[in-house]
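Using the hints, put the two standalone chains together into the complex.
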Amino acid sequence: MYRIVSAIFLAENIKKFEIEAPRIAKKRKAGQFVIVRINPNGERIPLTIADSNPETGTITIIAQGAGKSTRELNRKEAGDSIADVVGPLGTPSHIENFGTAVSIGGGVGTAIAYPTAAALKEAGNYVITINGARSKDLVILEDEMKAVSDEAYITTDDGSYGFHGFVTQKLQELIDSGKKIDFVLAIGPIPMMRAVAEVTRPYGIKTVVSLNPIMIDGTGMCGGCRVTVGGEVKFGCIDGPEFDAHQVDFKNLADRNRIYQHEEHEADQAAGHQCNLTGQA
Amino acid sequence: MAIPRQEMPAQDPQVRIGNFNEVNLGLTPEQARQEALRCIQCKDPVCIAGCPVNIKIDQFIKLIAEGDFMGAVRKIKEDNVLPSICGRVCPQEDQCEKVCVIGKKHEPVAIGNLERFVGDYERMSGQKIDPKIAPPTGRTVAVVGSGPASLSCANDLAQFGHKVVVFEALHELGGVLMYGIPEFRLPKEIVREELDGLRRMGIEFRTDVVVGRTITVDELMEEEGFDAVFIGVGAGLPWFMGIPGENLVGVLAANEFLTRVNLMKAYDFPNSSDTPVFDCKGKSVAVFGGGNTAMDAVRTAKRLGAEHAYIVYRRSEKEMPARQEEIHNALQEGVEFLLLTIPLEFIGNEQAWLTGVKCQKMELGEPDDSGRRRPVAVPGSEYVLPIDMAIISIGNGSNPLIRQTTPDIEVSKKETIVVDINTMQTSKENVYAGGDIVTGGATVILAMGAGRTAAAAINEKLAGKAKSFEEW
Chain A
1 MYRIVSAIFL AENIKKFEIE APRIAKKRKA GQFVIVRINP NGERIPLTIA DSNPETGTIT
61 IIAQGAGKST RELNRKEAGD SIADVVGPLG TPSHIENFGT AVSIGGGVGT AIAYPTAAAL
121 KEAGNYVITI NGARSKDLVI LEDEMKAVSD EAYITTDDGS YGFHGFVTQK LQELIDSGKK
181 IDFVLAIGPI PMMRAVAEVT RPYGIKTVVS LNPIMIDGTG MCGGCRVTVG GEVKFGCIDG
241 PEFDAHQVDF KNLADRNRIY QHEEHEADQA AGHQCNLTGQ A
Chain B
1 MAIPRQEMPA QDPQVRIGNF NEVNLGLTPE QARQEALRCI QCKDPVCIAG CPVNIKIDQF
61 IKLIAEGDFM GAVRKIKEDN VLPSICGRVC PQEDQCEKVC VIGKKHEPVA IGNLERFVGD
121 YERMSGQKID PKIAPPTGRT VAVVGSGPAS LSCANDLAQF GHKVVVFEAL HELGGVLMYG
181 IPEFRLPKEI VREELDGLRR MGIEFRTDVV VGRTITVDEL MEEEGFDAVF IGVGAGLPWF
241 MGIPGENLVG VLAANEFLTR VNLMKAYDFP NSSDTPVFDC KGKSVAVFGG GNTAMDAVRT
301 AKRLGAEHAY IVYRRSEKEM PARQEEIHNA LQEGVEFLLL TIPLEFIGNE QAWLTGVKCQ
361 KMELGEPDDS GRRRPVAVPG SEYVLPIDMA IISIGNGSNP LIRQTTPDIE VSKKETIVVD
421 INTMQTSKEN VYAGGDIVTG GATVILAMGA GRTAAAAINE KLAGKAKSFE EW
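Protein sequences, first through last, are from chains A and B.
Residue 154 in UniProt numbering is what sits at position 154 of the first sequence, and the numbering runs on without skipping anything.
Residue 124 in UniProt numbering is what sits at position 124 of the second sequence, and the numbering runs on without skipping anything.
Keep in mind that the hints were calculated from the coordinates and are not lab data.
Even glycine gets a Cβ: it sits at the ideal position worked out from N, Cα and C.
A portion of the hints provided could be inaccurate.
Dumping the calculated EDC-like pairs for lysine to aspartate or glutamate here, alpha-carbon to alpha-carbon at most 16 Å [what the hints assert, rightly or not]:
id : chain 1 : residue 1 : chain 2 : residue 2
1  : A       : K251      : B       : E350
2  : A       : K26       : B       : E223
3  : A       : K234      : B       : E223
Which stretches of chain B does chain A cover? Using the computed rule of at least three CB atoms under 8 Å from a CB of chain A, they are [to be verified]:
id : segment
4  : 45–52
5  : 420–428
So these bits of chain A aren't anywhere near chain B, every CB distance computed over 10 Å [as the list claims (entries may be wrong)]:
id : residue
6  : L10
7  : K16
8  : G57
9  : K68
10 : G99
11 : K146
12 : V148
13 : E151
14 : P191
15 : E198
16 : F235
17 : Y260
18 : A270
19 : A271
Okay, chain B solo, but in the shape it has when bound (with noise of 0.2 Å):
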């Protein structure tokens, strides 16, 4: 293969972690040129079945190859509304990149990079591509949550000509990718116009309701007259590791040290922003956990000036949930990687203030239920990691409020809700629900999936034989 793998410009390290800014630039125009020319055009491509909400991969680098790049924008968002976040967020290299034939002997071909460039252009270039919408069926339903399922949920039932009301807890719409995901890897501005495009195509959004308290499920259905409801909560309650000294002061989840930092905008308090945020500057950070929301985590407080930032992780780098690039992007910084450590107990001072954390050295032993090598604690290996704040990010359990207050909706054991994955279907009649609130913390990009599949069953039945979108 002569064409190699474009390289995504990026914000050198050491400047990034003086600002808040997006990390990755961007390819240039001729750069995804270049990147969609090595895609080969299998007759039988595979990246499609790997992609979550089946972008007609294929077809839309071929046109950014043709320079077509308008003709690419056209293409991807019939299958996917969100482009500029799901370039950015994916995983695309356990998705679609994975299977690419390319990468069997070369590295695949950048999917979400190309993916990325084909949403930021169509923001660029100031003309919207706004997709047909059918006649109006005169049903409406009800969106519970705004983050990425409902918002695939409801673009695909907005195309269906069916009425759509997107219910959010918060004052922001966007869920996770406004509380969560950090400003560095995903600019909220994005989401902000990916949701005006939302709103054009007719959607409305109410911020400020939280259903399960605000008003329930049912009441939606009979005092509203929503024919039907998809719930995208996501998840909720965050897992803490029930250690001694959990409860110290500085000792937070990273939901709440996210949300602070990217919904209320803390780094900048008291600016333009009245909510704190601890200071980190000078101070030493610990960040408990391995996924993608440890690595935002830790590199927002090396952003927010920690001296040391510190990812402590029970097993090695090679089983940590989180994206290689994340990965990569946090050593880059400074982030240090303490592996195959765990805690033991937090230590306070007389004030209850943190000071610092009780680990123990892990060797990994055979493999566990997830396949994975289970760690093992090394006897005598115990010692104390000075630190000021200790983020927990080892996963959220489910949100309690539309479970307690729709008890006909049936969950799991782990009460996350139980759907018929199909269609997305609950036990309760015209409910419908996806995300994380049935799978557990997962990705953008599942999420997205499990809307749209709810939306094309909801469709269907409230519309009865009505033609499949495809048609009209």
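The shape of chain A in the complex, shown without the other chains (with noise of 0.2 Å):
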């Protein structure tokens, strides 16, 4: 069992936990993750670790409450307990000083986007960092992101705080301001990262995207996480989570993470739960 140290809300249905796993928290580099299972009949779910602390043994992740375990997990308070925290998992994120280093977090990606954009600080970056989320009160880290960035910039769809907009248009109109970018990171739902890497490719922007597809073991064994990246297959919880992002066919991604939607629709309605997605009992 994992002891739940801290948990608070960062917004709504958003919730930041750091839990006591001392090897993972030595170990971790940005860009990993772990897989979580809530209790004992739980799945197995892959949490990328937004920060760690090897002197309390902690590692914080960031959990956006959207299928049952996500949900459940959300319920945790400080004090509770987690059956399951294995990693870190995956390869860490290629850090180097490229230059101009523009990391995007799009809602709960924000949570993966941090620590990145944080280890591309230290490395020596000038790092601009824009915060996506569809309005202020689901804006998450904003004085965390601050204080890695030489530039922060928030975005929200509605246009409560920040610039007004897509995340897509804010880095649309820092490259048109002639800025020289030279490094794109962007961590979100598929269709935002789909859009980053379509804004990057006409300029050579070397972007980096950080997928989350369905796996189980997260050790390389099941062969569930597969994605199709330059026309090859590649095991996200081995040769990822990160990947070039134009490299990645996003349509291959969206398509096979919904293929248990049919079996967790059912068990759903069969919970009485009320859909997130759809508003739909």
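Following this line, the structure appears as structure tokens:
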């Protein structure tokens, strides 16, 4: 069992946890994830490590309640425990001094963009962060992002805070302003990452995305997390989760992530739960 | 020979496709004695040489014949700590039973069924026979992975008096015994009970530790102070066929399908398990491959309600690597075999969901390197088989985590770990390996044999000229 040291909501439905996991805290690098199993009947869900503290032996994860397991996780409080936390998994982010690096986080993806932004800063990059959300109350990690940025921008879809529009519009604006951008990291919903890839493609700006395929073991055994990158089959848990955005087949990823939609919908109906995505029972 | 080979009672095929309970029900004590009496107690029991862990087969069978079942348990446990498991999943027909002298004129003695009987007898008797353990040596060994190779290695090391800590990446112990082999062939409760026996010997188990990620082999020795490391992490990265459409929704590896159902208990989703599995009810499911894993997958699909459960295999039934018994069971359960058939391409709809597979018929040509006749395509024989799910079961590569993080362990071209087969020592001092990570996909018992060989070599290395286990 892994004890939760602190649990606070950052926004509606988005919760930040500090969890005791000393071995992982010691080992973890930016871009890596853990697989969490909330209870003995639980499924194994991958969650990116947002931060860690080797001294206190804790790791930080940020979860958005989307399915049964993440909703259950978000009901946990400080002092509660989680059945299993395993990691750090995945290949760490490739960090170097690219020059000017833009780190883009969309929604809860900011939780993943943040540690990599911090690592890019550490490596000597001029770091620009774009932190996107649907509206003001869904903006997370604003102060943290600011602290590791040379320039920090917030965008909201509804214009309730910061730049009114999508992260891609802000990125385009930066490019149009004549800024020489050497590296872009984009983490968020699949349509956002695909859109960012299309913005940077014509300029040949090296762009990396962190993918979230379905996985079970996370150690290269089940083959569930395979993604198509540059026409080749890659394993998200071993080769990834970060890949060259211009090579990723986003449609294939989105399609494959829908495989258990039918089963999960049936289960939700059986449990009488209102679907977050469609608003239907 | 007056006594016929005793037939293993089994669940009726029509009943068992509706449940996940074990198919074989085990010999009765009377049947076991009858079967044991078929053994003629050869002076030179060739069956022992046919067993990768050299169980004293003649001796334990003699004890069964005499009705001393607990004596048989003791005898078998001198060489094999997991008789209930091996009795179920070993390919006896290719090992001990293959060389049985009786088998020359009649059916061989049912050594596997007797081994299973002995293991089950102990579990059901409530009397546990724990092996003798040598006094502590003060040496510690880390065992990586908790599948068959690791468990047999850990057992022997503990008996030699070494402190053993087993590290497992998953949340459950047992490796392939838990995630790979289905409940209907190997009840998980049996694996758990066998693990309890190892715990009683003082072996420590730590789950959720991925060696190569959470900690490296070097750190185990340098920071955690282990004197030696045994790597038994099994196979990894499932192979795919490299044909078009393989990333369509509904095409998955047997490892994923079986892990969902076995380890994560997805057959009971959404009740006692939060992990879903593709809803097979009334659907057509095709499994590509002809090994034991393919049989496990196709029979699982049948139990999940598939209307059509196909095995698609490029050679004929004779060349199938699966055990005869599993092929027989699958046929009895209504699995449809599409032999001499290869898939050319998976076909999907606009939502990228699998709808079918384009196949081609094959015929057998000249023998290839493996001695099996090579399948050759029949021109113009292409057709589309409508399917809703495809399960690829053509084998595994090796897991890259250890070789990536421990570059001084030599690996082969196939990326399996290279060892000295007499000691299972790798190119790295005090690091040993065995099981599928060395051989590529193989059997439980071969892995156990490798684990034992490694344990003996580790013991010799750590204890210098220490006495062997038999001398304690």
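Now for the hints, and whether the structure bears them out:
1. A:K251 / B:E350: holds, 12 Å
2. A:K26 / B:E223: holds, 13 Å
3. A:K234 / B:E223: Cα-Cα ~33 Å, so violated.
4. 45–52: Answer violated; 0 residues pass the 8 Å Cβ test.
5. 420–428: Result for this restraint: violated, n = 0.
6. L10: Holds, because the least Cβ-Cβ distance between L10 (chain A) and chain B comes to about 24 Å, which exceeds 10 Å.
7. K16: Non-interface label stands for K16 (chain A): nearest chain B Cβ at 22 Å, farther than 10 Å.
8. G57: Given a closest Cβ separation of 13 Å, the condition holds.
9. K68: Given a closest Cβ separation of 6 Å, the condition is violated.
10. G99: Given a closest Cβ separation of 29 Å, the condition holds.
11. K146: K146 (chain A) is indeed farther than 10 Å from all Cβ atoms of chain B, at 32 Å.
12. V148: holds, 25 Å
13. E151: holds, 34 Å
14. P191: holds, 16 Å
15. E198: Given a closest Cβ separation of 20 Å, the condition holds.
16. F235: violated, 7 Å
17. Y260: violated, 4 Å
18. A270: Given a closest Cβ separation of 6 Å, the condition is violated.
19. A271: violated, 7 Å
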